Structures are given as C-alpha cells and as structure tokens.
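J.: One-letter residues, chain by chain:
2 protein chains.
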Amino acid sequence: MATQYAPDARSKANRLSKRATYDAPLIHSLINSCPLLHVSFNAPISDSQESQTQFPTILPMLGAISTFSSQSSSDEDAEPYLYLHGSSAARLFKLTPPGGLPLCIAATHVDGYVLALAPFHNSCNYRSAVVFGLGSPLTDPEEVEFALKLITNNSIPSRWENSRHPPTKAEVTSTGILKVRIETASAKVRTGGPSDDRADLMDEALVARTWTGVVPMYSVLGTPMESEYNKVKAVPEYLGEWVEDANSMAEQVAVDAVEG
Amino acid sequence: MATQYAPDARSKANRLSKRATYDAPLIHSLINSCPLLHVSFNAPISDSQESQTQFPTILPMLGAISTFSSQSSSDEDAEPYLYLHGSSAARLFKLTPPGGLPLCIAATHVDGYVLALAPFHNSCNYRSAVVFGLGSPLTDPEEVEFALKLITNNSIPSRWENSRHPPTKAEVTSTGILKVRIETASAKVRTGGPSDDRADLMDEALVARTWTGVVPMYSVLGTPMESEYNKVKAVPEYLGEWVEDANSMAEQVAVDAVEG
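Respectively, the protein sequence lines represent chains A and B.
1 is the number of the first residue of the first sequence in the working numbering; add one for each residue after it.
1 is the number of the first residue of the second sequence in the working numbering; add one for each residue after it.
Hints are computed from structural coordinates only; laboratory data are not their basis.
Remember, predicted model here, so these are calculated numbers, not experimental data.
Hints may contain errors.
Claimed, not checked - Below, a list of computed lysine to any residue pairs in the SDA-like style, where the Cα atoms sit at most 25 Å apart: (1) B:Lys233 with A:Lys169; (2) A:Lys169 with B:Pro7; (3) B:Lys169 with B:Pro194; (4) B:Lys149 with A:Ala205; (5) A:Lys149 with B:Leu26; (6) B:Lys12 with B:Leu26; (7) A:Lys94 with A:Pro44; (8) A:Lys169 with B:Asp140; (9) A:Lys94 with B:Lys149; (10) A:Lys94 with B:Lys12; (11) A:Lys233 with B:Gln252; (12) B:Lys231 with A:Val207; (13) A:Lys169 with A:Ser158; (14) B:Lys149 with A:Lys169; (15) B:Lys18 with B:Val189; (16) A:Lys231 with B:Leu26; (17) B:Lys169 with A:Ser195; (18) A:Lys18 with A:Asp245; (19) A:Lys169 with B:Thr96; (20) A:Lys231 with B:Leu36; (21) B:Lys233 with A:Thr191; (22) B:Lys18 with A:Leu95; (23) B:Lys231 with B:Met249; (24) B:Lys233 with A:Lys149; (25) A:Lys12 with B:Lys231; (26) A:Lys18 with A:Lys233; (27) B:Lys169 with A:Tyr5; (28) B:Lys231 with A:Lys94; (29) A:Lys18 with B:His121; (30) B:Lys231 with A:Lys149; (31) A:Lys149 with B:Lys169; (32) A:Lys149 with A:Pro44; (33) A:Lys233 with B:Asp203; (34) B:Lys12 with A:Phe93; (35) A:Lys169 with B:Val189; (36) B:Lys149 with A:Lys12; (37) A:Lys12 with B:Leu26.
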C-alpha cells in the first residue's frame, strides 16, 4: 500500500498548500476517528429538472477505512477501501452506475477557535481529510460482515464482540454498505496561535485591550444512559474504558494543536 | 419570511421521513450553531479531464444565516441568506457562473452513540441540516462588513466589538464571502434510545449480557490559552461567559436527546 496519495486536480490544495498533506496513514486516521462523515455525490437530474443546474447532495454517514483480506486473495494485493454505512446508503445504491458512483467524503475535526487582534485573522485549528473515490454496493456476504464489524468497532471498540453476532442473513442482505475505491485524497491541518498584521501588533492600545489566543474545542463522551430494556446493572468495562480513553485524549489533542 | 422551506427533489427525505423537517428556524439554528460547515460544489471539468465523471468537492467553511437590511431596502422584502467565509472562498469565486454556483451546505451535530442488542440496530442521535442554494461573491462593502461581523460573532459572541474594527478597506476587498440564496433546505433529527427486533428482545441470555443504551456526545470549549503577544492578563468576561454558557448547555442537549 502506498504511504502517500498522488494529488490530482480534485485533491491538490489550491490555497495555503503548506497546510496540505497527502499522507495516507494520517488521512486514514482522520477518517476513522471522525464520528460522522460527510458524503457528497451528484444525483442524476431527472427529465423534469433538465433546465436546473447540477446541485451536489451531502449526506452524513458512518464509515471507516480498512483492508479486507478474503481467503481467496493474497495479502500483497490488498488495498485499503473506505466502507460507508448509513440509512441513506440504499438511496445511493440506486444511483450507482456500472463503474461506480463518484463520491467526495470529508472528515473534519475542529480543535479550537483562534482569536486574533483583527477578526480578519481569526481562524480555527482543525484537521480535515477529503477522499475522492468510486462507490459501489457491497454484496459479498463475507465482506459485508467484515465491513459491519469494522464500522461498529471503529465507533465503539469491542462492541461487535459484546453484542449479538453474527448478523442474520436478512441483516446482511438489507444492510447498505458502499465500498469506495479511493482514487485520491488529501488532508489539511491548521495548528498554532493567531497571526496578526504588523500594523495591529504595533498598536499598543489595541494589544493592551484585546485578548488574543486560542480557545481549545473537543468532543467528550458523557455518562452512558441505559435503555428502557437494559438488564446489565453496571456499565461494562470495555464501554467504561472507551469513554475514559476518548475523554482523556480529546482535550490534549486540542491543547497540543495550539503549541503546533 | 417563510417559516417552512418547500421540499423539492433535492431536499425531500427519501428515507425515514418521520425524522425529516423543513422548519426554517430549526434549520437556521442548526447551521448557526455548527462550528464548521461542509460545503459541496462541482468544479468544472477541464478539457483534459473530460472523460472523467463528475466528482463533487467538499470544503469546510465558516458560515451563518441572517437577514441583511441595507438602508436602501425595506424590511419587508428582507430574506435570510447564508453567508460563507473561508480561506477557500476565493477558489469558489472563480468557479461562479453568472447565475450563481450551485451549492449544498451541511451542518451536522452528533449527540450520542445508540447501542442496541444487534449492531444492525446501532445508530447515532444527531441533528443535521442541509441547505441548497446558489452562491455568488459578495462585493457590496457594507454587506461584506455585515457578513464578517455576523460570522465572527456567530462563532464567538461579542468578539467583533472586542477586537479591532471596522475592517480596513484592504481587508474588506480581499475577504472572500459567498452569499447564498437559499432555494430549499431540510433537517433530520434522531433522538431516543435503541430499538431492537422482537427476536433479540425475547432472547433473555442476550439481554442479560448486553448493555444497551446511549452514550451522549458533545463538544466542549477548553480553558482559553493566550497567544505569545497577548497582554491582557485575565480572560475577558465575554469570553469566559461564552465558554461557560457553551459548556453548560452542551451536555444537557445530548442528554435531552436520549429522552427524545
């Protein structure tokens, strides 16, 4: 597997290219650590709309990148794919042409608000990845189960093993998974504090009255709340650890981003 | 201003339509409370790529919806517009055809992970809005300043008044703001706990060993970290209150979502 994606017209940074990277492990980790992905595609324009210009559509979906090795393939030719799952996947299936549906998938993490002397220089610390690829409905039952387990455990570690498995045949058949062959991808990372113009920095009165810096921002998981039909008294260890680990790292990532 | 958007082929819910709403105030509040918006558009296919299928592109941008009333217009004809700002706005300017650039803008808030007996029924509590509209470069200096103030204070309340303003002429000229005329929009809201199949609910051993419920998720703001050139010793009250207010409401929203 290549460790860098090859930029092309779709993924090449047009601006602020010093923030851009094509590093595959980073891009994969940004996708896999994002609670929800934004998936963009073009719905076909129906006859009655032909005069309309093409509007893309965005759907939020769950997804994760990994490599599926079936028994019939060798490990060497295994490439990572992005698997997407969501209640809307079925809609995308119907739109998919034979060669696959062109998709753009974005994962964005906001790490903080950057407050400068002038609002013009305000910014955000963020890490974002964008992937371009062709999505096709996944039909192989073995790979559907692999993708379901991947997406489940990617969100909630060890949940697959600790809930009812394997899926029923009906579940495998009716689960809409899009398998995306990645064509190109890129990431952008903004870190550090504000950066102001010299004229503002020289304005002593402005500097004396205007707080500048970064307000870190991060996601946390709250106390698990049981369902009406839950019978397990204590929150299981694997869930408690997941919440604790996620929360212990989250603030640090946002704080580290300030130090750049 | 209409209180409901009229659904059309772009915004009409295809699945789970009981979760869908076209309520304008809700959609506006989901957009305005989202730290970063995902903006999708179609870049023109260059001659060398003509054989390629159309891939949409997604860019993360800041933005907010509001109504601009200039002195030359009456309040009655004032419609809300979505104003977008970001380092990439300039790229979009170049792509904009005379009638405006077709855009899809998404705002998604994840409120929690929903854990069911079967992974097939896992879900997320979320609130998402999607807006379809035509974007055009904003050039009127008065409205550019209005949009800059709007987007600044939408992220960080009262920051505009508490930092250097008004913007310089050079800042107004070089700020890329896209003004989006909203054509249609919709929102989806998922609340509540898990919902499992009867067969799994009747499986006493499965219910006895599998924790089910919701793990709330929410964003928090951390302790403000001053810049290298900050001279204001204490964090100003308006910033402290913003952090406190945001954090005090965030968890409650995620917990309330579980109760549906």
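J.: Indicate, hint by hint, whether the structure satisfies it.
T.: A quick look at each hint next to the structure:
1. For the hint pairing Lys233 of chain B with Lys169 of chain A, the CA-to-CA distance comes to about 63 Å; that exceeds 25 Å, so the pair is violated.
2. Between Lys169 of chain A and Pro7 of chain B, the direct Cα distance comes to roughly 36 Å. Violation of the 25 Å bound is thereby established for this hinted pair.
3. With a C-alpha separation of about 54 Å, the suggested pair Lys169 of chain B and Pro194 of chain B falls outside the 25 Å cut-off, and the hint is violated.
4. At roughly 22 Å between alpha-carbon atoms, Lys149 of chain B and Ala205 of chain A fall within 25 Å of each other, so this suggested pair holds.
5. Annotation: proposed proximity of Lys149 of chain A to Leu26 of chain B is violated, straight-line Cα distance about 35 Å (limit 25 Å).
6. Of the pairs offered as hints, the one joining Lys12 of chain B and Leu26 of chain B holds, with about 16 Å between alpha carbons and a cut-off of 25 Å not exceeded.
7. Between Lys94 of chain A and Pro44 of chain A the CA atoms are separated by roughly 10 Å; this keeps the pair inside 25 Å, and the hint holds.
8. For a cut-off of 25 Å, the pair hint linking Lys169 of chain A to Asp140 of chain B is broken: about 60 Å separates their Cα positions.
9. For the proposed pair Lys94 of chain A and Lys149 of chain B, the alpha carbon gap of about 43 Å is over 25 Å, so the pair is violated.
10. Taken as a hint, the Lys94 of chain A and Lys12 of chain B pair is honoured in the structure, with Cα atoms around 16 Å apart against an allowance of 25 Å.
11. For the hint linking Lys233 of chain A to Gln252 of chain B, the alpha-carbon distance of about 23 Å falls within 25 Å, and the restraint holds.
12. Proposed proximity of Lys231 of chain B and Val207 of chain A is supported: the alpha carbons are some 6 Å apart, at most 25 Å.
13. Annotation: proposed proximity of Lys169 of chain A to Ser158 of chain A holds, straight-line Cα distance about 22 Å (limit 25 Å).
14. Restraint check for Lys149 of chain B and Lys169 of chain A: not satisfied, since their Cα atoms lie roughly 55 Å apart, outside the 25 Å limit.
15. Restraint check: the Cα-Cα separation between Lys18 of chain B and Val189 of chain B comes to about 9 Å, which is no more than 25 Å; the hinted pair holds.
16. As the CA atoms of Lys231 of chain A and Leu26 of chain B are separated by approximately 36 Å, the hinted pair breaks the 25 Å bound.
17. The straight-line distance between the Cα atoms of Lys169 of chain B and Ser195 of chain A is roughly 19 Å, inside the 25 Å bound, and the hint therefore holds.
18. Distance hint between Lys18 of chain A and Asp245 of chain A is unfulfilled; the C-alpha atoms sit about 32 Å from each other, more than 25 Å.
19. Under the criterion of a C-alpha separation no larger than 25 Å, the hint pairing Lys169 of chain A with Thr96 of chain B is inconsistent with the structure, at around 48 Å.
20. Distance check on the hinted pair: Lys231 of chain A and Leu36 of chain B sit about 39 Å apart at the alpha-carbon level, beyond 25 Å; violated.
21. Pair hint Lys233 of chain B plus Thr191 of chain A holds up; C-alpha atoms about 23 Å apart against a cutoff of 25 Å.
22. Between the alpha carbons of Lys18 of chain B and Leu95 of chain A the distance comes to roughly 23 Å, so the proposed pair stays at or under 25 Å and holds.
23. At most 25 Å may separate the alpha-carbon atoms for a hinted pair to count; Lys231 of chain B and Met249 of chain B exceed this at roughly 30 Å.
24. Proposed proximity of Lys233 of chain B and Lys149 of chain A is contradicted: the alpha carbons are some 51 Å apart, above 25 Å.
25. Restraint check for Lys12 of chain A and Lys231 of chain B: not satisfied, since their Cα atoms lie roughly 39 Å apart, outside the 25 Å limit.
26. This hinted pair does not check out: Lys18 of chain A and Lys233 of chain A have alpha carbons roughly 51 Å apart, beyond 25 Å.
27. A hinted pair counts as satisfied when its Cα atoms are at most 25 Å apart, and Lys169 of chain B with Tyr5 of chain A does not qualify at roughly 40 Å.
28. Among the hinted pairs, Lys231 of chain B with Lys94 of chain A is inconsistent with the structure: their alpha-carbon atoms are about 59 Å apart, more than 25 Å.
29. At most 25 Å may separate the alpha-carbon atoms for a hinted pair to count; Lys18 of chain A and His121 of chain B exceed this at roughly 42 Å.
30. Between Lys231 of chain B and Lys149 of chain A, the direct Cα distance comes to roughly 52 Å. Violation of the 25 Å bound is thereby established for this hinted pair.
31. For the suggested pair Lys149 of chain A and Lys169 of chain B, the alpha carbons sit about 55 Å apart, so the restraint of at most 25 Å is broken.
32. Between Lys149 of chain A and Pro44 of chain A the CA atoms are separated by roughly 32 Å; this puts the pair beyond 25 Å, and the hint is violated.
33. Simply put, Lys233 of chain A and Asp203 of chain B have alpha-carbon atoms about 17 Å apart, close enough for the 25 Å limit, and the pair holds.
34. Between Lys12 of chain B and Phe93 of chain A the alpha-carbon distance is near 18 Å, which keeps this suggested pair within the 25 Å criterion.
35. Of the pairs offered as hints, the one joining Lys169 of chain A and Val189 of chain B is violated, with about 29 Å between alpha carbons and a cut-off of 25 Å exceeded.
36. The straight-line distance between the Cα atoms of Lys149 of chain B and Lys12 of chain A is roughly 31 Å, outside the 25 Å bound, and the hint therefore fails.
37. The hinted pair formed by Lys12 of chain A and Leu26 of chain B fails the criterion: a straight-line CA distance of about 36 Å is larger than 25 Å.
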